[in-house]
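Two chains, two frames, some hints: make the complex.
Spelled out from the first residue to the last, the chains are:
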Amino acid sequence: MNRVRRHHSPELRGLELALLALPVAALPHAWYQPPWVTLIVAAAVLLRTWLHLSDRKPPSIGLMAILAAFAGGMTFLQYGTLFGQEAGTALLLVMMALKLLETRNRRDIVIGLFLGYFVVVTTYFFDQSLVIAAWSLLSTWLLTAALIQVHAGRTLERRRLAKQSGWMIVHALPFMLILFVAFPRVQGPLWGDPQRDDVATTALSGELNPGDIAELLQDQTTAMRVQFHDAVPPPRAQYWRALVMTNFDGRRWQAEGGESSIELPSPGKPDEVVAYTATLEPTRVRYLPVLDYPVSLPDNAEYRDNHQVIRDRRIVNRIQYVAEADLTRPPGGDAPLSESARERALELPPSAAPRARAEVALWRATHGDDDRAIIQAALDRFAAAPYRYTLQPPTLEGDVTDQFLFETQAGYCEHYASAFAVLMRSAGIPTRVVTGYQGGEWMQRGEYLRLRNADAHAWNEVWLDGEGWIRVDPTAAIAPERIEAGIGGLTGGEGEPVPDFLRRDGLGWVQQLRFGFEDWRDFARFRWESWVLAFDPERQRELFARFGLDATDWRDIVIALGTGFGLLAVVALAWSVWRRPRRPRAAPDRLLQHLSRRIERQQAGLGRHAHEPVVTWTRRVKAARSDLAPIVDAFAEHYNQTRFAPTRPDDRARHLTALRRLAASDLRKPAAGHPVPRMT
Amino acid sequence: MRAGSLGKHLPEGMIRWVTRRHRADGAQTTLGRDRIYILPTRAGYTLLAILGVMLLGAINYSNNMAFLLTFLLVGIGHNAIWYTHRNLLGLKVSALSTTPVFAGQPLSVSLRLEDTRGRDRESLHLSIGGYTSEAVAVPANGRQVATVPLPVLGRGVYRLPRQHLGTRYPLGILNAWSWLGLTSEMLVYPQPVDPGAAHTGLGDEAGVQRRQDDASTPDHIRPYRPGDPPGRILWKALARTGKLHIRETVEGARDTFWIDWSAMPASDTETRLSMLCHQILAAEAEGRAWGLRLPDQILPPGRGPAQRERGLRALAEYRFEPIPLPIPETTRGTKK
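So the protein sequences, as listed, match chains A and B.
In terms of my numbering, the first sequence opens at residue 1 and continues consecutively.
In terms of my numbering, the second sequence opens at residue 1001 and continues consecutively.
Wrong hints could be hidden among the right ones.
[As the list claims (entries may be wrong)] One-sided excerpt, in silico: chain B residues whose CB lies under 10 Å from chain A:
{"hint": "1", "residue": "LEU1031"}
{"hint": "2", "residue": "LEU1055"}
{"hint": "3", "residue": "ILE1076"}
Simulated from the structure, these hints should not be mistaken for laboratory data.
Note that the Cβ used here is the ideal one computed from N, Cα and C, for glycine as well.
Next up, chain B with everything else stripped away, as it sits in the complex (with noise of 0.2 Å):
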């Protein structure tokens, strides 16, 4: 299977210097011939020595139905290649957007393939690095997903890698595939990590920056949430009662709620990031207002999905320049 996988395990530079002449593809692009390859796989160089020996067997006994046969054999290999070719050529491929996972979670990244030439499309492998897809069928004039799975990234902002989509339908002896510069965008947010448990034994709200009017509202008791600012937390109740409980401002779901970079209890910065993830999640959980401040950037206060994501990627850009998947090429992930 080496020889057909040729394509996922060339020297990075080797690919390039192959791949260079190739326009960029931006979010969508469809396979000409100038950008499809094929070589044997290494069924393939089996079948061939097969039919040396069969020739050879043909002239050896002068036998001219073992010719006929030899040569409907080679005949059907030869026009593999074009059927293996078909299956790729004129295929549209363009990169659907990846959900966000929050770091810790699996990644998978998925394109679109859809045809528009007529032609019943089988057994497509999309591969990422060392990870591919399924074997993704597409129905003629239809369009199906490919989907790859990718294993667990840190927090940060990425671009998809060179894609590689392959296949070696009909008979397994050649294996046609291109590469693909599709662009995309992969956000991992920090795993959220809950502050209140960092901060245990502290005991001190200094870190908490809490305003004014905050403090000057009548006191509400209720239980500990995650998301909670530990600030609150009344730490006199827990030696009492064994609960976490914290005390909350009457009118705690309009007040605005500043998640802040230097009050979270941790000095690295990924914890800090978890901490402020895990905040923002608590906000969102409880419909509160809440603004963000890191320490190149404030987050204007506000709520919803918009202002979530606007957290929680400000969170993964945070001191991150983007850059491809560090995922080795040469990895053997979910072989087909």
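Chain A extracted, bound-state conformation (with noise of 0.2 Å):
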């Protein structure tokens, strides 16, 4: 197109890129923003496109201000503020959209590539996953390549732009890792309540009502990865506690925060203790699911008197912990049971289950005090037919204990945990309900375990005399496979619809090829979990321990920031010194010198001296080997070409390619008919 381009001054040269580079940038905002958001971004970058390609004006000032009206009322109606995560966001794109409309000057491009970097920054507030940090990078080197070309006073080959502004972002990555690491961390927010309130986070419900669908067992998402710093210890011993349920009104169990803090059982042997790192999903509130039994803490969280964990603050981003676990210390087995939480743990409204109380009398009439006994005599009911396990048991009404126990003898663990401890407490022994982790699925790679929200458990503890609370899973009586194998090893039985994703077994490669592609996702996805995403001031603490370091200190994170920028000046300087000497001298006076070795060869006394001008040296050759006269002719043009005239890059770019291939060129006296390169 040979057209005048009035309107397109040279300040414009970087547009064509920046409306490449913004839509990718906003691109993974389609997923979160409301259709019309999307919409007009792409509206607006498909018009400007429109209005460059064809030569025409931007709109007019007065028409982008009602556009822009228009816009920050639409996000008004739509989200009632035009503040906040998502109706900033939803703002940030219009207005992105908007400048780039109505660029018509370097700055307005700048400003619209600068906003830009802040839509990429937004995206976090939706995704943080690996995908969209790949993402990232791809908008921020297209971003970079775009500010790059605005500035540059030329258009720069496409090549150059993309090296330039890799080796940007390359070299700046180096950078970001030190202050990643080594920054000051700050627990936030500094305002406001950071988490948006519609954002589905799952966590173990406050409250059991063994009536309710259990909608948690059919979510797949990770709950915590945990990996073990030695032995892991087998299944059955897993248990993950998180909350414990000791008041009962007859229909639901409620989760209580306990009364004090206590402090933690001190450890048994060495050699029974199990340390662990787990890395846990934002659940919005405090409890933290730590292994049967704690013994070791992280310095934020509590133990409580009711022997459930919490945190000093609600858990609104993803966390790592390292807690440890002794498996053979039950909770509170060194005191005896106080009068009050004794009797909190035999309460039973006096009508809840009016058959069960009937059935737990004929227990005691048979085994008079033995407690234990009479804990076996609930067991052996529920492991003999006709109680099954199913995740789709019929819906409970009038006494949910009654009629499970008695009628449809059919649920999972909330029903048999639920009716055990009722059983229990009518029979006078002190019970309550744990609710938390069991199972999981053993990630060979990566060597950790994954715990997904489908593997949440409810099991009890009971108060035996000397000895604590004792747990007793009423589950691993009716499903044994469920304790030992986790969730997924319930095979189907009577057609029992075992949700598809826990399945492992008869799968066909295709499946397995599938599930060794999710193994390997989870993985990657793990990693960049508890490396990245789960780094805090808790974790940076403990980084900085490990060197001797204080992170509460700032002389300390000046040492730690001083070597790490120390260490990448140290780099950097040797990296250019290792450089210097690779660049002797200019390309076109080695080739010359290449040339003028080569021909000296063919001829002794024909290599040009030193000094000597080129012009020279060719009447030289010419005159002893005229045969030679279009090679060193066209040489002379092309190297005159490159040192003396001034050149554009891509004309240099051509006569080095000349240069190059002249002074490989045969320089053979020619046979008759031997061809003679053309000088180009």
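Written as structure tokens, this is what we have:
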């Protein structure tokens, strides 16, 4: 197109690239923004591209003001505010689109590109996955390339732009790492509540209601991942306690926070202590799932008197913590149960479960004071048919305990735990319900345990004098495979629908492959989440402590940052020193020398003397060897072009290619009809 | 943009104080680390503010990916210091001789920029006073000329004032620059003014000094050409025909023609110089040998480009001490 581009000042040189980079940066938002935002962004980009290609002026300022007001109004209508994460992001996207639309000079493009970086960072409100990280790198690369093009005085070759932008990012990576690790972290938030309300975080419910549908058990998302430092405890010992429920109103169990903090029991023999690092997904609540039975906890967690672990604040981000457990040390074993605690653990509404009470009275009559025998009797009752384990039990009405125990006789862990607790309490044995996670999937790749929300479990603890709160899992009596092999170990039995994602047996190779891929993916995600996303002030303190530094002391932070940047400077210096001798002389001179040596080899004395002008030398060569005339003439011409004429880089590249070809050309005396290279 | 153009808008005294330790540049210089200055531009401060907001957001939302991106951009911004600095570092700059112009014609100054370190240099801007060149790119191991168009100047001899070579490449968030003191002389010849045109009405030959031998040779009439001495115009023929003719000696091309200060029909110096300039050009156009008489100088007769240059230079220099270009530092000229 030779049309005169009236509206294209050289200032708009970077616009094409900006028109590519900005939509790329905005793309991930399409999944999270209402359609009209995506539509406005897409329309603005397309319209601007059309205006640019057809050489038209951008819309007038008045029109832009109307559009901006309209976009602000839409945002307000949608969200009722212009601030906050979602409304703010929507507004940002729309404003970026409008800025792009009205771009008329270099400054507009630069502001648009800066907004583009901001658009990239707002993506993380909604998604922090590895895919998004990779996409962000792509966006940053394009945005930076556009920024470079805007400030280059000419249209740069695409390769050059790509390389320049790419190197700028690569050179910035060490910086990023050092700052990420050593920049002083403070615990957010600085203002407001940073968690969006509509984001679904899954957490164990503070209530347990056997009549409800257990949605959690259908949820395949990860709840936490655990790496054991040494030996991995056997699956049947992997109980992750989270909530302890003592209050029962006849239908539902309720968790409570406990009244005070207590000391952790001291660990037993070292070989019985299991140390692990857990990465917990955000739950928005305070409890911390820990392996039974905890003997050491992170600093910001408390062990409450109801043997539940809570953190000092709600878990709104993915966190990582290190804790230890002693599998053999039930809580409360070293002291008698207080009277008030015993009362609470025996509380039962008077009208609750009359049939169950009658049954328990029979057991008492049979076994007398033997609490263990009563417990066994209850478990035996569950183990005997027709009780069955199912994730889709019939709905319970009326007295949930009696109806479950004597009529439906089908349910999952919550039903069994609740019914068992009622049975025990009616027998006068202090009992409570504990919920948490059990089982999980052992990920061979990366050697970690992955607990999904579907691994949520409920069990009981009964008080035995002199022993403490002993764990009893009634589900183990009815469905031992649930405990041994995790919830996926349950084969459907009588047409029992087990969710697909939990099945691992009897699969074709396609599925095997799929699960293999799934394993890799979860491994990458786990690494990303545990190394990057879970890095918080707590982890920073631990990391600093490993080098004998204190992350809360600004002097140590300065030391860490100084060391990091110092090392970086040394590496950069070494690099530049190593690079320097690699460019002893300009390429044309090197090629000249090369050609001269080759001619010298052909005929002694024909090589170029030091300081001999190229023209003189070629004349000498031609006099002695007329057959070389085309080569040396062409060489001299290209040489002079590169050395003495102001050239554009692409011209120069062309000359250099010619020089290279000529310097390597065949110098032998032509036999008859030997082709002679022509000057290009 | 003002912040980034700081180098161009500092008070003169301050620049002199900053650059006092630089060696005199002469005709060529290489930009070393000791004379490249760098500061953020307004866009740089904007980016800094944006990064600050990003960092606050990352802290507030405890968002580690936001930390990562913010720190990546901090790294890019930091490295831009190095990139921008390197775009100037090691650049060889030499002054090219300036083509003299006549007063009233625009003057332009050219410097040659040469890379010897194997790096492509992009988007270099040369400024002199408030006037800035187009962006210049220098290929690796290549050279390129940067030209600054200057305003129209009066007659005289000028020295090149301090030059400012700056760049914002690659990100535009930083401005690196160097002040150069390359020396170069710029000649502005007087604007040629036809003394004949100024002379009309005087009708008097007293002003034109004619040599005796001129007068004694037989006349030869030919049409007037610019540059002909007004004394030879045939005023009577003008009255008769309405056209200018002059009387010329037969050996016109051979004789020595004296262009004389005192013969110019004007009273002020500049007009006289303009007329002399016109006469020199006319004599050269005719191919005649000519000499120049100025009150303080006599240029022996001769002809050809060298003679012409000597004569015009004498006019440009006449009672004029070389001064730096009188262009205001703050003038906003052709902005890049």
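Going down the list of hints, with the structure as the test:
1. LEU1031: Because about 18 Å separates LEU1031(B) from the closest Cβ in chain A, which is outside the 10 Å limit, the hint is violated.
2. LEU1055: This hint holds: LEU1055(B) lies near chain A, its Cβ roughly 9 Å from the closest one there, short of 10 Å.
3. ILE1076: 4 Å, holds
Checked against the numbered hints listed earlier, the structure breaks hint 1 alone; every other hint is satisfied.
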